[in-house]
Amino acid sequence: MLKREDNERLVRVGPGTVGGEFMRRYWQPAVLSSELPEPDGPPVRVRLLAEDLIAFRDTAGTVALVDAYCPHRRAPLFYGRNEECGLRCVYHGWKFDRAGNCVDMPSEPPGTPLQAKVKLRAYPTCERGGVVWTYMGPEDKRPPEPDFEWLRAPPTHQFVSKTFEHCNYLQAMEGGLDTAHSSFLHDNRLGDTVALRSRDRAPRIAVEPTDYGYRYSSTRSADEANEYVRVYHFVMPNQQIRAMTTAPSGERAEVPKIDGHVWVPIDDEHCWVYNWAYGYDENAPLTPAFIEAIETFAGRGPDDLIPGTFKLKRNLENDFMIDRELQKTSTYTGITGLNTQDMALQEGMGPIVDRSREFLGSSDRAIVTMRRLMLEAIRAVEAGDAPRGVNPEVARDIRAHDGYVPRGGDWHTLFADELKARW
Amino acid sequence: MLKREDNERLVRVGPGTVGGEFMRRYWQPAVLSSELPEPDGPPVRVRLLAEDLIAFRDTAGTVALVDAYCPHRRAPLFYGRNEECGLRCVYHGWKFDRAGNCVDMPSEPPGTPLQAKVKLRAYPTCERGGVVWTYMGPEDKRPPEPDFEWLRAPPTHQFVSKTFEHCNYLQAMEGGLDTAHSSFLHDNRLGDTVALRSRDRAPRIAVEPTDYGYRYSSTRSADEANEYVRVYHFVMPNQQIRAMTTAPSGERAEVPKIDGHVWVPIDDEHCWVYNWAYGYDENAPLTPAFIEAIETFAGRGPDDLIPGTFKLKRNLENDFMIDRELQKTSTYTGITGLNTQDMALQEGMGPIVDRSREFLGSSDRAIVTMRRLMLEAIRAVEAGDAPRGVNPEVARDIRAHDGYVPRGGDWHTLFADELKARW
Amino acid sequence: MLKREDNERLVRVGPGTVGGEFMRRYWQPAVLSSELPEPDGPPVRVRLLAEDLIAFRDTAGTVALVDAYCPHRRAPLFYGRNEECGLRCVYHGWKFDRAGNCVDMPSEPPGTPLQAKVKLRAYPTCERGGVVWTYMGPEDKRPPEPDFEWLRAPPTHQFVSKTFEHCNYLQAMEGGLDTAHSSFLHDNRLGDTVALRSRDRAPRIAVEPTDYGYRYSSTRSADEANEYVRVYHFVMPNQQIRAMTTAPSGERAEVPKIDGHVWVPIDDEHCWVYNWAYGYDENAPLTPAFIEAIETFAGRGPDDLIPGTFKLKRNLENDFMIDRELQKTSTYTGITGLNTQDMALQEGMGPIVDRSREFLGSSDRAIVTMRRLMLEAIRAVEAGDAPRGVNPEVARDIRAHDGYVPRGGDWHTLFADELKARW
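Chains as they are written, first to last, in my numbering: chain A, 69 to 491; chain B, 69 to 491; chain C, 69 to 491.
Treat the hints with care, since some could be wrong.
Remember, identical chains collapse to one label, so a pair may be satisfied in a single copy or spanning two.
What the hints assert, rightly or not - Straight line, CA to CA, 20 Å or less: simulated EDC-like cross-link-like pairs of lysine to aspartate or glutamate:
#, residue 1, residue 2
1, K185, D172
2, K209, D453
3, K396, E151
4, K187, E444
5, K488, E73
6, K187, E426
7, K187, E207
8, K185, E393
9, K209, E461
10, K488, E76
11, K187, E119
12, K163, E426
13, K396, E152
14, K396, D126
15, K396, D108
16, K396, E106
17, K396, D172
18, K379, E76
19, K381, E444
20, K71, E119
21, K379, E207
22, K163, D268
23, K187, D422
24, K187, D208
25, K187, D120
What the hints contain is simulated information worked out from the structure, not anything from laboratory work.
Produce the complete structure using the sequences and hints provided.
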């Protein structure tokens, strides 16, 4: 349960809101690199933190991220021409470079002083791990560029995609941080008591705050001798890192990988889910066939998206194509696609969930802690201080892991090596 | 004409509004029984009085009507599993019975005290006449269950359907109570002066308030010797009962029947129209062919609905497929379907009509009285008193009738027997 | 740049707004005559200055423009029957003539005093130049009927169409008055330095206020000996008049014509663009083939509209079918259709542009003057005075012109004859 007022502080992300100012202190994913495949290609609309922007890759190959409207008479720059290191407004030909300077103003007499005065709002970008990142906060608070291990993994071992979600980023992220639900929502083999998650549906959750957010573990009984432990990270303000390295048998997975999500607010009622993964093992790259398989399993394979969009064909308008017979007989939800199941629950809550009407249990510990850290960080920003985790250095060397631990053993010791980044 | 403030009192039906509290003192239709055909079948979304609810038929065959969101973290119960006398949320497996008790909480440690504390809002239901009824008011004010004659008629003689309407329930109901419009809106044989309604287009209306609402009559000249009288009932707060027992010739109809509507607020801008009918004559059941014929005549036959919905194919978006040539030459409106004609007018007013801009005439007497009784009843609820007609007993034995009355005769005497329920 | 408050004064047009009262002092186009092709034909919905109205051509052939709702119980008159010099509401048969008098009230007893009391709001109309005009202001301020030259040109030489636009009328009109943009937005032959507009992209603009609004000129270098001058008119409150009489070569065009637009507010976020043209030369009528060619060039030819509407197939929802390859190689925008290019820019600004965030230059002089005159006129209306240009007499005799002027020459003298109406 959250006071209504605290809920508002967390979920509102537009310019001038406290939650929005907080989110603007961190580098955020703006677009996939693949959306801007070539220099001087078509500009792309980007809505981020309730601001309408345009991204374009200029002649030098650098991505610009600028206000969606020309400062002259507010013409839409989406229709602009991406020419010779700048975007030219097609209304009167004013041209701006990626820093927002007006580099040509042909509708005015040569030498007009107006040209030096007019600026197009432009945000800095950097490109890492297949993602164009941007920083939308005050210039004097700009932190170093993002440096997570998944951004450093070799291209052969790395993968990223994104999905549109029609709800506030916070309830999407809460679904991601929540570990207990996997025993229910994602139970796709009803009655199979062999699966780890089905054998112990009330995992014990321990949360350890860190400089970057927190590390947390879920512990389930595996067999008489062992427990199955997953160690995850919540990286402020909107990322989760987790591992898929152990097969249900307790053996190492064939292609062990780390994966995670970044939940990026489009505005108060919509978000982008960036889905990333990288191979753990130098000798096991993520092949295209493997990537297609995991994306399809997640529900966002090549056949699952509405062409030309990042939206699922199975969506809120068609009740995620729930199959009630399947739900009765074979899977818990009757909904196909692991993350489609998540999305059904998250979007089905309505665009902004009213947290003042919740009843939280012990399985919600990770979520409760996340909210507390976020509210603290918002207060820090209001007080003029740096919020937790703003320096990417603090999350540079972390990795997630999952595996078997003999009863009585301590994963802190046993997993110590595996929890350190190697790329 | 109604003061703007009184209009607001009548049309707003959400929780906490005076009109909403008033409507909540009566049993209301929630769904058709046929929408929940089997125990443990798929749950159904129900929006009623601006509340989002879920109905499901449990293993025992009883219909539950509960909040649409799980009290844990507000996950949508529409995606829930209807299992063994309860609905299980697919997020974390919490399960609730039809009374709203949490009967399983598998994501928490066994014996957690949380389980007894958490309640899902649940409304009582009863099932009569092919309709699931619910009571959404304070428990200590709950009246006895509905007991109209149409609910007691044998299944062979009874029929009920429902239609979605995109406007406030009050303007839909006003269209139903209004008797004068049938001479115009429903004139489907232009120039035919034989039809009763065409011969006398300014019926005299008399309204007699009763314990359940009012009884009213419309009287038209039929021929030199006779008048044609229809006696109807308005049953508080949202039902009309009327008769179709007399053929235009003055003879008894082949299949004499009573029918009516209940106009149930979905929210301020939408309503359900329940359309019911029952045979008057023990020897004349309502056969499927007869039902199909009357539903088709009304405009909601098997071919008139958008499949999978209760919405008309002829609707506001396509101007009810008005045929202007037909309107010029053959029917008054050019719109096909008796109740489709009603709906065109009612929806065409906009979602909530502004009654402060009306000019009412003598033909509006029934409507004026209805508004007065409704406003009185709202005041009664505000004062802590029981509103008119809240005890179904008072409308138990009424029936509607229509027929010829010799000039100078009194229908009160002549129709006395026919106006008493027999089923 | 405009103060936010002044922007609001200009863009809001509903009843009771200062901008709306101002617009109501002038005759405005309501529908095309061709939308009401025959007496007693189907009524047409008209939304104008945020009022919902119905137009119908009565038995006498005169167009009525009345409130969209019956004064009785607010039934929609769109479904009404257009009968014998009046529109009859199909709810209870009340019938109104084009002046708004109730001429029949059959649902009430004969001789009811209600009939004389009830009025349907009705606006006066007149029909000229293929357009039905209406006056929606106070009766005692009604000006003489519109009398522009294009309304007097013979039918063989005259043409008018209309297009729906999804934005406030003011930003659409600003696009029309703006002359500098034609060198960019409408540059459909990239790199062609022969075209007049491409050779000199920073035209000098001179604005001369007049009784009807203003006359303005744009002057571009043509060749060593000549300048190319276009002389336009802005006619208060929402019309532009301009000429296309000179071919790029400097010769007179084969079919010299005057054309223009009237931008009529539907409501704050939508407008109609009336597109008119008339032949300048008695011997060069506007043939159907010529009209089809110019309309197609403008982007609203027979194949460009969504059938049954005045909406473009190339529209905001499909990014005006922008072709980025075409934009890179051949035309400035990649958008096909001259006025479609305008519409892309105007609608792409959002429904109401925020003028407090502009940076205006010298090329915006005509727009700045227009805003100033409009704000002055609004103040005049508030003060009880007549706004500029309200008497059509003052714009009766004007004409636009374009042509070559030898350097050092004065177009005022050289064009004097051509700038006077002849029809």
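* Asked: Taking 20 Å as the upper bound on the Cα-Cα distance, should K187 and D208 be classified as within, between, both, or neither?
  -> within (19 Å within a copy, 50 Å between copies)
* Asked: Is the C-alpha distance from K488 to E73 at most 20 Å within one copy, between copies, in both cases, or in neither?
  -> neither (39 Å within a copy, 59 Å between copies)
* From the Cα coordinates, with 20 Å as the cut-off, is the pair K187 and D422 best called within, between, both, or neither? -> between (40 Å within a copy, 17 Å between copies)
* Intra/inter-copy verdict for K187 and E207 if alpha-carbon distance must be at most 20 Å -> Answer is within: at 16 Å inside a copy they meet the 20 Å cutoff, but 50 Å across does not.
* To do: Evaluate K71 and E119 at a C-alpha cut-off of 20 Å and name the case that applies: within, between, both or neither.
  => Result: close neither inside a copy nor across copies, 27 Å intra and 22 Å inter.
* To do: Could you figure out if K396 and E106 sit no more than 20 Å apart (CA to CA) within one copy, between two copies, both or neither?
  => between (49 Å within a copy, 13 Å between copies)
* **Within, between, both or neither, where K209 and D453 count as close if Cα-Cα is 20 Å or less** => within (10 Å within a copy, 56 Å between copies)
* **Within, between, both or neither: K396, E151 at alpha-carbon 20 Å** => Between copies, since 8 Å is at most 20 Å while 57 Å is not.
* Intra/inter-copy verdict for K187 and E444 if alpha-carbon distance must be at most 20 Å -> So K187 and E444 fail the 20 Å test inside a copy (35 Å) and across (31 Å) alike.
* Given a CA cutoff of 20 Å, do K396 and D108 count as a within-copy pair, a between-copy pair, both, or neither? -> between (53 Å within a copy, 9 Å between copies)
* Between copies, within a copy, both or neither: which fits K209 and E461 at Cα up to 20 Å? -> within (15 Å within a copy, 64 Å between copies)
* To do: Up to 20 Å between alpha-carbons, please classify K396 paired with E152: within, between, both or neither.
  => between (60 Å within a copy, 11 Å between copies)
Going through the hint list in order, the structure does not satisfy hints 4, 5, 8, 10, 18, 19, 20 and 21.
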